[in-house]
Structures are given as C-alpha cells and as structure tokens.
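Chains as they are written, first to last, in the working numbering: chain A, 1 to 178; chain B, 1 to 783.
Just so you know, the hints here were simulated from the structure itself, not pulled from any lab data. Misleading hints may appear alongside valid ones.
Heads up, incomplete: computed chain B residues facing chain A, CB under 7 Å, no partners named [what the hints assert, rightly or not]:
| no. | residue |
| --- | --- |
| 1 | G246 |
| 2 | G247 |
| 3 | H677 |
| 4 | L710 |
In this text, all values refer to a predicted model and were calculated from it rather than measured experimentally. By construction, the Cβ of each residue, glycine as well, lies at the ideal position given by its N, Cα and C atoms.
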Amino acid sequence: VTEINLTVNGDETHRTVDDRVHLADFLRDELRLTGTHLGCEHGACGACNVLVDGKPIRSCLMLAAQADGTTVVTVEGLDEGNPDLAQTIREAFQTNHGLQCGFCTPGMLITTLDLIKRKGGPELDEQTVRNELSGNLCRCTGYVNIVAAVLDANRNHERSEFATALGRRAKRRRSVGD
Amino acid sequence: VSVPPTPRQVGTRIPRVEDGRYLHGRGSYVGDLLRVPKTLDVCFVRSRFAHARIKRVTGPAGLDARLLWTAAQLGDLNGLSAVSSLPGYQNHVQPLIASEVVRYVGEIVAIALGESRHAAEDLAGQVLVDVEPLPAVITIAEAIATGAPLANDSIADNVFHRETIAAGDLDAARQRASVVLTERFETARCSGVPLEPRGALACWDEDRERLTIWTSTQVPHLLRSQLAVCLGLPERSIRVVAPDVGGGFGIKASLYPEDALISALAIRLRRPVRWLSDRREDLIATWFAREHTYEVEAYAASDGKLLGLRVVVAANVGAYAPVPWTAAMEATMAAAVLPGPYKLVNYRADVLSVCSNTTVLGPYRGVGRPGACFVMERVMDELAYGLGISPVEIRLRNMVRHDEFPYRNAAGLLYDSGSFKQALQTAADAIGLGDFRRRQAQARDQGRYLGVGFANYTEETAHGTPEWLKSGLPITLSYESADMSMDPIGEVTVRVGAHSQGQGHETTLAQVAGNALGIDAGKVRIVYGDTDSCPYGIGTFASRSAVATGAAINDAATLIREKLRRIAAEELEAAFEDLELIHEGFRVKGTHREITIRELAAIAYHRVDRLPEGERPGLHAVSYLEVEPSTGTFSNAAHAAIVEVDPDTGGVEILDYVVVEDCGKMINPTVVDGQIHGGTAQGIGMALLEEIAYAPDGQPLTTTLGEYLLPSSNDVPMIRTLHIETPSDTALGLKGVGESGTIAPPGAIGNAIADALRPLQARINRTPMKPSTVWEAIPRDVA
Numbered sequence: 001v002t003e004i005n006l007t008v009n010g011d012e013t014h015r016t017v018d019d020r021v022h023l024a025d026f027l028r029d030e031l032r033l034t035g036t037h038l039g040c041e042h043g044a045c046g047a048c049n050v051l052v053d054g055k056p057i058r059s060c061l062m063l064a065a066q067a068d069g070t071t072v073v074t075v076e077g078l079d080e081g082n083p084d085l086a087q088t089i090r091e092a093f094q095t096n097h098g099l100q101c102g103f104c105t106p107g108m109l110i111t112t113l114d115l116i117k118r119k120g121g122p123e124l125d126e127q128t129v130r131n132e133l134s135g136n137l138c139r140c141t142g143y144v145n146i147v148a149a150v151l152d153a154n155r156n157h158e159r160s161e162f163a164t165a166l167g168r169r170a171k172r173r174r175s176v177g178d
Numbered sequence: 001v002s003v004p005p006t007p008r009q010v011g012t013r014i015p016r017v018e019d020g021r022y023l024h025g026r027g028s029y030v031g032d033l034l035r036v037p038k039t040l041d042v043c044f045v046r047s048r049f050a051h052a053r054i055k056r057v058t059g060p061a062g063l064d065a066r067l068l069w070t071a072a073q074l075g076d077l078n079g080l081s082a083v084s085s086l087p088g089y090q091n092h093v094q095p096l097i098a099s100e101v102v103r104y105v106g107e108i109v110a111i112a113l114g115e116s117r118h119a120a121e122d123l124a125g126q127v128l129v130d131v132e133p134l135p136a137v138i139t140i141a142e143a144i145a146t147g148a149p150l151a152n153d154s155i156a157d158n159v160f161h162r163e164t165i166a167a168g169d170l171d172a173a174r175q176r177a178s179v180v181l182t183e184r185f186e187t188a189r190c191s192g193v194p195l196e197p198r199g200a201l202a203c204w205d206e207d208r209e210r211l212t213i214w215t216s217t218q219v220p221h222l223l224r225s226q227l228a229v230c231l232g233l234p235e236r237s238i239r240v241v242a243p244d245v246g247g248g249f250g251i252k253a254s255l256y257p258e259d260a261l262i263s264a265l266a267i268r269l270r271r272p273v274r275w276l277s278d279r280r281e282d283l284i285a286t287w288f289a290r291e292h293t294y295e296v297e298a299y300a301a302s303d304g305k306l307l308g309l310r311v312v313v314a315a316n317v318g319a320y321a322p323v324p325w326t327a328a329m330e331a332t333m334a335a336a337v338l339p340g341p342y343k344l345v346n347y348r349a350d351v352l353s354v355c356s357n358t359t360v361l362g363p364y365r366g367v368g369r370p371g372a373c374f375v376m377e378r379v380m381d382e383l384a385y386g387l388g389i390s391p392v393e394i395r396l397r398n399m400v401r402h403d404e405f406p407y408r409n410a411a412g413l414l415y416d417s418g419s420f421k422q423a424l425q426t427a428a429d430a431i432g433l434g435d436f437r438r439r440q441a442q443a444r445d446q447g448r449y450l451g452v453g454f455a456n457y458t459e460e461t462a463h464g465t466p467e468w469l470k471s472g473l474p475i476t477l478s479y480e481s482a483d484m485s486m487d488p489i490g491e492v493t494v495r496v497g498a499h500s501q502g503q504g505h506e507t508t509l510a511q512v513a514g515n516a517l518g519i520d521a522g523k524v525r526i527v528y529g530d531t532d533s534c535p536y537g538i539g540t541f542a543s544r545s546a547v548a549t550g551a552a553i554n555d556a557a558t559l560i561r562e563k564l565r566r567i568a569a570e571e572l573e574a575a576f577e578d579l580e581l582i583h584e585g586f587r588v589k590g591t592h593r594e595i596t597i598r599e600l601a602a603i604a605y606h607r608v609d610r611l612p613e614g615e616r617p618g619l620h621a622v623s624y625l626e627v628e629p630s631t632g633t634f635s636n637a638a639h640a641a642i643v644e645v646d647p648d649t650g651g652v653e654i655l656d657y658v659v660v661e662d663c664g665k666m667i668n669p670t671v672v673d674g675q676i677h678g679g680t681a682q683g684i685g686m687a688l689l690e691e692i693a694y695a696p697d698g699q700p701l702t703t704t705l706g707e708y709l710l711p712s713s714n715d716v717p718m719i720r721t722l723h724i725e726t727p728s729d730t731a732l733g734l735k736g737v738g739e740s741g742t743i744a745p746p747g748a749i750g751n752a753i754a755d756a757l758r759p760l761q762a763r764i765n766r767t768p769m770k771p772s773t774v775w776e777a778i779p780r781d782v783a
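Using the sequences and the accompanying hints, generate a full structural model.
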C-alpha cells in the first residue's frame, strides 16, 4: 500500500491505496466520483480522461499511487478554475446534440476543455479538432455534432473572452477618467 | 378563430432534457451504483477452447467453497432457449453455464467471486479447467462441408435452419438477360461495442423474497420474464432496473446467461453480487453480428431492367441461438430485404443459418440489412457497368415508383410508402454528381483515384404481430405501453415499457405527450427502466420506440384529453363538441370563453363535486397498443459517398458523405440527425474497419480496441443529412429511424471504391474494405 496526498477537484485528499489500484478506480470507488467512466480499461477509448496537473490523461492507465502530489480534475470538477469555459462547453454540447447515451461525454468534455485552453481561438479549425478528439471514442454520435459542439464552444468562449477584455478595458478607461 | 393544437410540440428541435445529468458526470450507469456493503464481485471463468469436453474444474487449495461455482454446485437452473416455429428449425437449449461441453471460446465454465473485482479476477486466474479438446468448426465453409464435425450435437448438419424463398421464373429471366453477373460476397463479423460494457448487480431481499437486479439492458421486462424461467421464481418476485444505459445498439437486447447466473448466486449466497464486464470480455463473449456469405447470380436486360436474382445466403450464427431472436433472424432478414427499393419479380434465396464453434450472433443495429444492402447495391453497380448505364440511371429505372405503393416485394414484405427515387435524385444532386465526374477525370490524369458510390434501402420498422409470427419467434414483440397520470396542477408523468440508451426518449416521448395534451413538453416527465413502476413493455430495439411507444402515449393522452374536455364542457356550460384544444386549455369555438388545463386538473382531484355526472375522479390512463399497420412501416434512404483510394496502400479516405433519409414525420429533427450520424458512423466502421477475427482453431484475435477498430473522429466525415417526410399511417405519421443510418454505408462506400478503381478492375466484394482487402482486390498485373 502507498499513502497519497493529492488535490481532487479542489479538495485536499489523503488516502492509503493498494499499489495496483488505478487512478480511475480510486476516483470512482474510493472518492465516489463516478463521472469518470471505464469504457475499455486499456487506454483506447478515452472515457476515463481526467486532467492531472492540467494535462489530460487516461486514468485507467495511471496508478493512483502515481497521482501522489498531483492536482486532479474530473468531469465533476470541470468548473474548478474554468467556470465560464466549462459552462460554455456544456452548453455547446447540449445545443449541438453532441451527446446521446452520455457514457463517453465526461472524457469528451475533459479533452475539449484542454483543447480550447491550448489551441482555442480564431485559428482553431475542424481538422485540428478532429485530430485532438481522435483519442476519445464515441459510438453514438458519429462525432459530427461533437465536432460542431467543440467549434461552437470555441467561438462562444472567444466571444465571451473578448467581451470580458472589452469590459476590463472600459473599466480601466473609466478609472483613468476618474 | 381556430388555433391548431400546439403543433410546435412534434416536429420541433427542442434540446434534450436528459443532457444535464450527463454533462455534469451525474449519469447513473450500473457500474456507478453505490457498491452495497457485503457485495461480492464476479469474474467469469470462460472457456479457452472452441470445442472441448470439460474433465475437471479445480480451484486453489484451501479455497472457501462459496467463492467458486460450477454448474454442478449451482444445481437446477433452466437454460436459455428461443423456440422457433419455423418448419425444420432445430431447437436447442443453451446452458447458462457449461457442465460437460464448451462450444465456443468465452463460454462460461465457472464463476469466481471476491470481495473486490481484483480479488475475483485473481481467483479466476488460479482456476484450472482441465479439458479434452474436440474438433471445432469455425467458418461457414467448414461448418457446411460434407462430413464436418458437429459444433453443437443438438444441431444436425451444423444448420439451425434452412429455407427457400422463391418467386417468379428465374430460368426465363436468365434467358432474356443481356448481362449475367456472378459474384460471391462476404461481410465480416462485427461487434456493436456500446461504450459501456455489459454489467449487473443483483440483490436478494430474504424477508420479502424478492430479487432486484440492476442491469444494462434494452429490454427490462423481457429480462424479468426470462429470469423467472431460469430461476424458477414468480415474476412478482423479480424487479429489473435498467438505469442509464451507455449505448445498446441491439447488443443489449438479447437475453444473456450472466444476468441469471449472478441472480442465482445472490439468492444462494444471500449477498449482493455484481458483475462488471471489461472490454476484453466484451470482445470475446458478448453476442456479435453480421457474418454472412452470399453467392449471387443476377440478370438484367439491355435497358438495365433487373430481370432476376438468385442468392444463397448464409449467416454464421455461432454455437447457440440468441434469445428470443432465434438463429434464423440474421439470414432470413437478409434474404427478405435483399430486393430493397427495386422491383424484382423473379427471385430465389436459399437461406442457411449455420452453427459453429464461435460466439453467438445476435441483433445489432440493422440486423441482416447492412449485408443485404451491400450485396444488392454492389450488384446494381456491376450490372450498370456491364451495360454501360450510369449507376443512378439503372437504379431509377428499377425503383418502386411513388404511385406503386403499397408494394409487395418478392419475399412478401409489404412496403407501405416511400420516396425512393426522390431520395436518390436528391442525394445525387447534393453530392454534386455532374461536377464530380469532371473532377474524377482530372484527378485520374494526375494519377489519383476518386470514386462516387450510391446505396439505397427501405427498412421495415415497428414490426407488427404477424411479422413476428412469420419470423417464427416464440413471442410477439409488437406492442408498447404507456401509463399516464396528469397531476392536480395539470402536469404529466408517463411510465413506459420501452427504454432509452441514448435515443433521447425523455425528450421526444414528452413531445408526443405534450402534442396530444396541448401542454409544453417541459411539463411532461417520462419514466422508464424499472419493472416495479413501469407497465409491462417490450423494450427499445428494431426502430420501434417512436412508432410503438409514441402511439401508446398518444392514445393514453387522448383518453385524458377527452376527459378534460368533458370537464371543460361542464365548467364552460358548452357542448362537448364546441370545445377546441388551445395551448394549455380549452376554448369554446368562436368565443373568448376559455379554461386552463391546470384548472381542469384541479377539479379532477380536489373539487370532484364539480365533475360531470358519472365522471370518476383523477386523470389516469393506461394504453397497450399493437403497432399499426401490422405489416410494418417502411423508412427509406439514399446514401452517397465520394472517396479517394490509394491503390499502392489500399487506403480509403471518405471525402464527402450525404444521407437523404425519409422516416416520415419527425418528432425532433435534431434527434433524427443524431440517429442518422451515429448509425452512419457504425456503417462506416463496418465498411472500412471493423472485423471480429478468429484463428483457424477458434481463438478470437480481436480482443482489444487496438485490434477491433472503431471509427474515430478522423474516420467519420461531416455527414450531410437531408430529410424527406413521407408520412406513414401510424399515429402521428411516424416511421422508425434508429437503425437507419447503419444500413447503407458498406454499399455506398463499396461502390465508391469500385468506381475509383474501375481502371484497375478491382473486385470489391467483402467487408471490411480495409487497406489489405482493397490492395488485394486490385489485380497486380494490371497495376
């Protein structure tokens, strides 16, 4: 067994885990964060994607012990640090019908959040989105509406970032004027 | 002024109400349920041999006997059986757990239990299964060879069932033919691979003598009935709950041994028992689909008219028949639908459902249709090429015309309506056929191989009672149920026997109810998936839920609406027939006298003194309805694909893909789009990637998602979907659409590849058209 300390969705977590327990099982069974789904348990489907220190990883391929000292974000904590972006993504998935059975959705949302944070902006095109999503399998949607949702989320996020920036500038001007 | 009864409810793109929980990680699939204290996890010990006699099963020394179970220890359990009434069909029983002989790799031999999934898997790994191997047959050719060993000694000649469909005069057709095509086609075995693998949790309540099983199924009530048979319990002692189900696609519509086995253990051990399949187990032991061979001879006249077609269709059903579907389902379906949208008078199909030492073949989205469509559409293209007619033209010359419905096809199916020619012409326009031929010629000058392909089908949806009887099934799966209550504030809860595995029924069925009641869909709650609270129903599969459950809901809602109208007549002191439904109320025609549904509902529960004479309190209606027309209602579509093929590698890239579909009136076009996209993606997988492969000795070779390839976001293009709405005679004019998309991609893509490679004379006749298959299809002396 190994003692681990990690931050999960903003909460400090201390636990003792069996060495062979995967991060996904730890999150699901020990912390009851069952939004992280297990579709293949061999790193192919991406339903178990979570962010570890800001990077998307397969939680079915990482041992819980390896997550010692890290910061983990699961679908339940998607708003952690990115409330506006997380909400924009969720809305885009619903508006574009980017989910059906919902099983792959948590992994898709994690990957999308990471994608928009890294590559979001006016340059983000369909092919880039397809390449970035190619590690997340969906059996229901044929990806058509998922790709549309990601592009839509990117546009809406950009727009709101722009609006926020404008707002900030306007505020600065006002304060200068005062 | 007459206001139509809120037509915006049906036909509107409202967002799905179920999305919220999924988008926050709060879906509740079987594996997400709280693991009740004292739960034991299960790992099934499965056969590693395709065919063998079991000599001994031994656990590690000193093992607690309650943690390892074999057939002998489990004692009396009734096996699975789908008794068919088809003439000559060989019935048999599939044991839930093998006792003497195993007949496929993956058949359950023993059950290991543990305090965790890890512990159960560790134990399973220590179990020794001592066997004496028996000769195995794996392929269709091996199974039907003279003197072949029997895969299952209950099935003589390794053929569960054979039948012949014969119509017209084929010899005369052959004599008149200008072109005769002889070809052999094959479709590889596929797996549905819902992203959530199967799983179940069974609990026994000793005090109430009740079993509750939470399980990932499309058919909760059918499973309850099956469990009652297997376990020898009354149905009232069983509760089946299918919570959120992470995809089904027909794979979870069969009745499997595992649910009954873990239920039996929960009862014997007096502890909750849970089984969560992993993907490897799923790719070995969950029922597969699609493995067919077709020997075809087709005749056409010089003007392209299809004169006749002979076919020998065989499906490799595996070691046992799927329940309740029977072993004949796959091959007989393929033979019946093979003529597709074309007028074919002279037709003969010899149909074989073959038994082998492989995992069972069950229903998967589309059932026999994707294979049949692949064959028929490849045949049409080869005939067109042989006659020098364009692929679109030959199809238009043979399609059933608008004024020819209802049309009975050569296999006896009665097509109620359709838009075959319109769909194809629309698809040809949308894909830009005219301009494409110019681009294709230019590309060829540059040494690039582009091709266009079309595929068309018509699909029977919502099969009625005689259709199931004709298939020989032991049960009629031809109705659905709705139990509807309007509460005192005029909002509605509908409990249905159908399920939802991503189809969005919580939204679309609410639209149907709202439509009939004149209330907003947001005021309707749909409840499904629990046999304790929902009326007995058949389940969600076979493109039936919108039509069948939609009709039952419409019927129940009509009963409640008319009762509300009677109360409104009393309140408004008007004649019943003078009242019209408006949004959330009734109005006396031509006046401003109105009353809201909310007020009427309150009267029905809280002021029963104001009810009309003889009217009972409450607003509750239950409807069980058989689907009409009983011969099914037929959806249709035309698919068009443009591909580029690299003849040096055999690689295929889809450049454009158009679907023109007709599922009658649409409840929610966004949801229809989603069904088409997902189905088409699965069809693309079958066309280009997916193949369950076996070694010659029956060892499965595709046991990870690195070996069994699902389409990724880089394999499926932006599918362009266009709609035609030819209303049916069902309630609301609906037709089914769930399976639709899967049917045509192998045909459309196969034809596009063949078109691209015409200069190289490639022979495209089997799926998946993976690079090695396409490369091998090109005669090398030509290239």
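| Holds or violated: is the Cβ of G247/B closer than 7 Å to a Cβ in chain A? | 4 Å, holds
| query | Does H677/B pass the interface hint, meaning its C-beta sits closer than 7 Å to a C-beta of chain A? | reply | Check passed: Cβ of H677/B comes within 4 Å of chain A, closer than 7 Å.
Does L710/B meet its interface restraint, that is, does its C-beta lie within less than 7 Å of any C-beta in chain A? Where the cut-off is 7 Å and the nearest Cβ of chain A is about 5 Å from L710/B, the hint holds.
Point to revise | Cut-off 7 Å, beta-carbon criterion: hint that G246/B touches chain A | key: At 3 Å from the nearest chain A Cβ, G246/B passes the 7 Å test, so the hint holds.
Every hint from the earlier list agrees with this structure, and none is contradicted.
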